[in-house]
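Given chain A's structure and the hints, the job is docking chains B and C onto it.
For the record, the sequence lines run as chains A, B and C.
Its first residue numbered 1, the first sequence is counted upward by one per residue in the UniProt record's numbering.
Its first residue numbered 1, the second sequence is counted upward by one per residue in the UniProt record's numbering.
Its first residue numbered 1, the third sequence is counted upward by one per residue in the UniProt record's numbering.
Hints in this document: simulated from the structure, not taken from any laboratory.
Some hints here could point you the wrong way.
Heads up, the list lumps identical chains together, so a pair's fine if it works in one copy or across two of them.
In silico SDA-like cross-links for lysine to any residue, where the CA-CA straight-line distance does not exceed 25 angstroms [what the hints assert, rightly or not]:
no. : residue 1 : residue 2
1   : 215       : 328
2   : 194       : 151
3   : 201       : 153
4   : 201       : 156
5   : 194       : 261
6   : 201       : 266
7   : 194       : 266
8   : 194       : 154
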Amino acid sequence: MADNPVRRGWLGHLTRRSVLAGAVAGAAALPAVAAGSTAALATPSSAAVPGLRTARATGTTHRVTMYAEALPGGLYGYGLAPGEATIPGPLLEIVEGDTLEITLVNTTNQRLSIHPHGVDYDVFSDGSAFNDSFNEPGETRTYVWHTRERTTSAGRAWLPGSAGYWHYHDHAYGDHGTQGLQKGLYGGLIVRRKGDVLPDKTFVVVFNDMTINNKMAPETPMFDAVLGERVEWLCIGHGSVDHTFHLHAHRWADNRTGYLDGPNDPTLAVDNKDLNPGSSFGFQVIAGEGVGPGAWMYHCHVQFHSDGGMSGVFLVRNEDGSIPDHAQEAIDRYHAGHGGHVGHSGHGG
Amino acid sequence: MADNPVRRGWLGHLTRRSVLAGAVAGAAALPAVAAGSTAALATPSSAAVPGLRTARATGTTHRVTMYAEALPGGLYGYGLAPGEATIPGPLLEIVEGDTLEITLVNTTNQRLSIHPHGVDYDVFSDGSAFNDSFNEPGETRTYVWHTRERTTSAGRAWLPGSAGYWHYHDHAYGDHGTQGLQKGLYGGLIVRRKGDVLPDKTFVVVFNDMTINNKMAPETPMFDAVLGERVEWLCIGHGSVDHTFHLHAHRWADNRTGYLDGPNDPTLAVDNKDLNPGSSFGFQVIAGEGVGPGAWMYHCHVQFHSDGGMSGVFLVRNEDGSIPDHAQEAIDRYHAGHGGHVGHSGHGG
Amino acid sequence: MADNPVRRGWLGHLTRRSVLAGAVAGAAALPAVAAGSTAALATPSSAAVPGLRTARATGTTHRVTMYAEALPGGLYGYGLAPGEATIPGPLLEIVEGDTLEITLVNTTNQRLSIHPHGVDYDVFSDGSAFNDSFNEPGETRTYVWHTRERTTSAGRAWLPGSAGYWHYHDHAYGDHGTQGLQKGLYGGLIVRRKGDVLPDKTFVVVFNDMTINNKMAPETPMFDAVLGERVEWLCIGHGSVDHTFHLHAHRWADNRTGYLDGPNDPTLAVDNKDLNPGSSFGFQVIAGEGVGPGAWMYHCHVQFHSDGGMSGVFLVRNEDGSIPDHAQEAIDRYHAGHGGHVGHSGHGG
Numbered sequence: 001m002a003d004n005p006v007r008r009g010w011l012g013h014l015t016r017r018s019v020l021a022g023a024v025a026g027a028a029a030l031p032a033v034a035a036g037s038t039a040a041l042a043t044p045s046s047a048a049v050p051g052l053r054t055a056r057a058t059g060t061t062h063r064v065t066m067y068a069e070a071l072p073g074g075l076y077g078y079g080l081a082p083g084e085a086t087i088p089g090p091l092l093e094i095v096e097g098d099t100l101e102i103t104l105v106n107t108t109n110q111r112l113s114i115h116p117h118g119v120d121y122d123v124f125s126d127g128s129a130f131n132d133s134f135n136e137p138g139e140t141r142t143y144v145w146h147t148r149e150r151t152t153s154a155g156r157a158w159l160p161g162s163a164g165y166w167h168y169h170d171h172a173y174g175d176h177g178t179q180g181l182q183k184g185l186y187g188g189l190i191v192r193r194k195g196d197v198l199p200d201k202t203f204v205v206v207f208n209d210m211t212i213n214n215k216m217a218p219e220t221p222m223f224d225a226v227l228g229e230r231v232e233w234l235c236i237g238h239g240s241v242d243h244t245f246h247l248h249a250h251r252w253a254d255n256r257t258g259y260l261d262g263p264n265d266p267t268l269a270v271d272n273k274d275l276n277p278g279s280s281f282g283f284q285v286i287a288g289e290g291v292g293p294g295a296w297m298y299h300c301h302v303q304f305h306s307d308g309g310m311s312g313v314f315l316v317r318n319e320d321g322s323i324p325d326h327a328q329e330a331i332d333r334y335h336a337g338h339g340g341h342v343g344h345s346g347h348g349g
Numbered sequence: 001m002a003d004n005p006v007r008r009g010w011l012g013h014l015t016r017r018s019v020l021a022g023a024v025a026g027a028a029a030l031p032a033v034a035a036g037s038t039a040a041l042a043t044p045s046s047a048a049v050p051g052l053r054t055a056r057a058t059g060t061t062h063r064v065t066m067y068a069e070a071l072p073g074g075l076y077g078y079g080l081a082p083g084e085a086t087i088p089g090p091l092l093e094i095v096e097g098d099t100l101e102i103t104l105v106n107t108t109n110q111r112l113s114i115h116p117h118g119v120d121y122d123v124f125s126d127g128s129a130f131n132d133s134f135n136e137p138g139e140t141r142t143y144v145w146h147t148r149e150r151t152t153s154a155g156r157a158w159l160p161g162s163a164g165y166w167h168y169h170d171h172a173y174g175d176h177g178t179q180g181l182q183k184g185l186y187g188g189l190i191v192r193r194k195g196d197v198l199p200d201k202t203f204v205v206v207f208n209d210m211t212i213n214n215k216m217a218p219e220t221p222m223f224d225a226v227l228g229e230r231v232e233w234l235c236i237g238h239g240s241v242d243h244t245f246h247l248h249a250h251r252w253a254d255n256r257t258g259y260l261d262g263p264n265d266p267t268l269a270v271d272n273k274d275l276n277p278g279s280s281f282g283f284q285v286i287a288g289e290g291v292g293p294g295a296w297m298y299h300c301h302v303q304f305h306s307d308g309g310m311s312g313v314f315l316v317r318n319e320d321g322s323i324p325d326h327a328q329e330a331i332d333r334y335h336a337g338h339g340g341h342v343g344h345s346g347h348g349g
Numbered sequence: 001m002a003d004n005p006v007r008r009g010w011l012g013h014l015t016r017r018s019v020l021a022g023a024v025a026g027a028a029a030l031p032a033v034a035a036g037s038t039a040a041l042a043t044p045s046s047a048a049v050p051g052l053r054t055a056r057a058t059g060t061t062h063r064v065t066m067y068a069e070a071l072p073g074g075l076y077g078y079g080l081a082p083g084e085a086t087i088p089g090p091l092l093e094i095v096e097g098d099t100l101e102i103t104l105v106n107t108t109n110q111r112l113s114i115h116p117h118g119v120d121y122d123v124f125s126d127g128s129a130f131n132d133s134f135n136e137p138g139e140t141r142t143y144v145w146h147t148r149e150r151t152t153s154a155g156r157a158w159l160p161g162s163a164g165y166w167h168y169h170d171h172a173y174g175d176h177g178t179q180g181l182q183k184g185l186y187g188g189l190i191v192r193r194k195g196d197v198l199p200d201k202t203f204v205v206v207f208n209d210m211t212i213n214n215k216m217a218p219e220t221p222m223f224d225a226v227l228g229e230r231v232e233w234l235c236i237g238h239g240s241v242d243h244t245f246h247l248h249a250h251r252w253a254d255n256r257t258g259y260l261d262g263p264n265d266p267t268l269a270v271d272n273k274d275l276n277p278g279s280s281f282g283f284q285v286i287a288g289e290g291v292g293p294g295a296w297m298y299h300c301h302v303q304f305h306s307d308g309g310m311s312g313v314f315l316v317r318n319e320d321g322s323i324p325d326h327a328q329e330a331i332d333r334y335h336a337g338h339g340g341h342v343g344h345s346g347h348g349g
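So that you can see chain A by itself, here it is in the shape it has in the complex (with noise of 0.2 angstroms):
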């Protein structure tokens, strides 16, 4: 325990966050957020927006135990405590240099594992059968995940160090390996770099063959911020269905972290952006900046998956954390637009 106490405000503003404490005995708590959820709508965050904070590099090995187990309707789900696992799972934050421990218990009786992207594991943590690394029915073993700062390789080469917008799924489900992120089993990895600007929340993304973390509209996640905070995106690709990434109204810089690294950077500013099986990015961008608050719609913008229900609503509130009325009457066209009352509620495009 002595090298990892519970570090409540580490990345200075886990007073914003729910930390979910590790539930098994002398496992430490890893500072994490629960992924956009529709809950999020009935407790919105308060509209203070402070001075920027950045990452802090510690160098800190996290302990965490997660929890794999079935969910109704045939889904699974990963759950930092027993019976709390969602889809998707928690999303798992560090800064570079640190060190992640991962006891996976495996409450289902299916053979399932964890495997990240973006960060460095030894054979023994694949998570993938092929490397004979994944929980066997009832079994609970240990996945370790290191991360490094970028290092030089020769002159001006330097190889990229582990910061980036990840994420994390099952990889030994079912013959090929493949059935867990169908149902459910994964989630999203954020490695900061020292310095790197903090977001006041951040939202998690998944399109999952047709759907968005496993839903369709209009059930997919409503996620809700106040005009001026400082929004961060994860979008994470699955499935087997090529995708686009749309979000109204909001754009950013299509390079490690969504915003440029100085006036002439010549990086492509998107708001629309490929989101394919296994690919992620992330990006920040301040809620309703130049635009103004209400219910802007983010979607793929692939015709017939928008119509077959792949948007969700960005809802920006007022400063004072009210709804713009305009915001309310688009939520309820789309709930009743999605409910058999297409008319006017259109979502696509």
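Quick look at chains B and C alone, frame taken from chain A:
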């Protein structure tokens, strides 16, 4: 009118383009370019390539009236005057800091709208049925798009401005607001940054389902330039099918402008790029540089798409404006091959 | 011959590669590398990793003869000598400023050609039927590819040079010139920039419809390296299906080289990237860096594609060249799983 006079030459090169005057009394003209059409072949630009010109910021508010119209064959288009609708619609071109006020006249019997990518708009200009922002049949409605420069948010972190190769489209036709795209309600939108290099001409290529600009070979646009001209391509994806755009014998930097920001810019150079629904990109090439005049193919590199007619011709003329014999022969083969006599006219690959 | 002597070591590392001499009298040898084949497993490279070497520009004209040949199973390939055609064809590697003159001998009874990406060629070397640029059955024809450095076009604006991870392929087989790709007529082309870091070895991975290098698991290439070697991957997409390339336990910068241009380079790091028809990218990793030796999967991350056999093995040996026990066991599981006994051999995800 005072704040928005007709500014012929405000971008420094208007004399080489068609200025399409707004048709509604009191509305000033927006500098705009007819989207690349085969008609351009009949009136090639002169070969003159003067010194490089760059975009200047003026903070102007441009007012333009657009007309959504039904076209033969069940198609629809936008135009800058009644009876002049085209597919794609007129190319709209502004500079960061400008505002565009578009008065859309819906001459059709369908609900429709105009929705932009990349710029700022409030919910009333969202163009979506979701936000009750559309034109009923016969209705006229004004949409306002704002733009801004990049802004620093913290130290090295800069939020991107509006500059980019964007597009606009209907977002309200049909139950899901996605049917207007299929029928041709889309166009290009370029927001330049102060100092950006201006092209001699701009081509707009829209991969829309299995068509290019709602046409198939050999009816797809033939783009026409003279050796050495600085030619700009704006590529837009729409519909429900994924594509890759390939241009023969020319390449570009995969960033905001298509050119590098200095000799050590590590940006990837490409001659083939994903072009999926809702995405867009642009670039400039020097026509025929290093490869000479000729008929060069552009096409979707997904093989069964190019087999099916997603290809076209980029004609690079001799410096004196004449067409090389080998180019005319290639064009003839192309038309013969798509008229039933396939033989040696293969156009894919 | 005087301008093009056999230059063993002209890229500084030729002794570690196979120099395949041109087979036509009078033609000098092009330094080239046999594309990664499973045969490499039988003859692993030594573990020696000397100091970093970088590409030098020489402005050389390389002349090479290639043979297009029919192969068993209805396949076709390119080779550097009669009877030596492979899928993919030989890796061609040059430096910006070089010229490649390829004399293509068509030993088949089909019309075909060679068409490159990323380099300069006139219409007579376009390799397309459209430009009457192909080999009739039995015909020999020479194609010339030029390269150049980036050039300034105005102030900060630089036009990209030829450097990149490119490819070549047939563009004339069949009515539409697209059937040669299906049958194996493709290969890798690398154009380096002066000063680029040279790898110890290069692997070529082509996602072509539902195959990797026209093979499916477990017949896909096993790539073989020693811990600490600088390994270069050239990834190419072909056919009519979209894919995402994923490599376990290694990541790279999503730019021209795969490494960062300095400590503040904002380029995105990825371990999963779209690989669609006509596109290509490359990168270098240090084999097993931070993760150790072992058998690591590379695969398409579209789940039904990996389920269907689009996966392979990247073997990272111990520093002494031996194979770790766990790696051999994984390889054995992989082969058993794809031989009918699936069980715990899942290879997707």
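Tested hints:
1. 215 with 328: Result: close within a single copy only, 21 angstroms intra versus 41 angstroms inter.
2. 194 with 151: The answer is both: 14 angstroms in one copy and 22 angstroms across copies each meet 25 angstroms.
3. 201 with 153: Between copies only: 17 angstroms across, 35 angstroms inside.
4. 201 with 156: between (35 angstroms within a copy, 21 angstroms between copies)
5. 194 with 261: both (14 angstroms within a copy, 19 angstroms between copies)
6. 201 with 266: This pair counts as between: shortest inter-copy Cα distance 22 angstroms, intra-copy 27 angstroms.
7. 194 with 266: both (23 angstroms within a copy, 13 angstroms between copies)
8. 194 with 154: Answer is both: 22 angstroms inside a copy and 14 angstroms across each meet the 25 angstroms cutoff.
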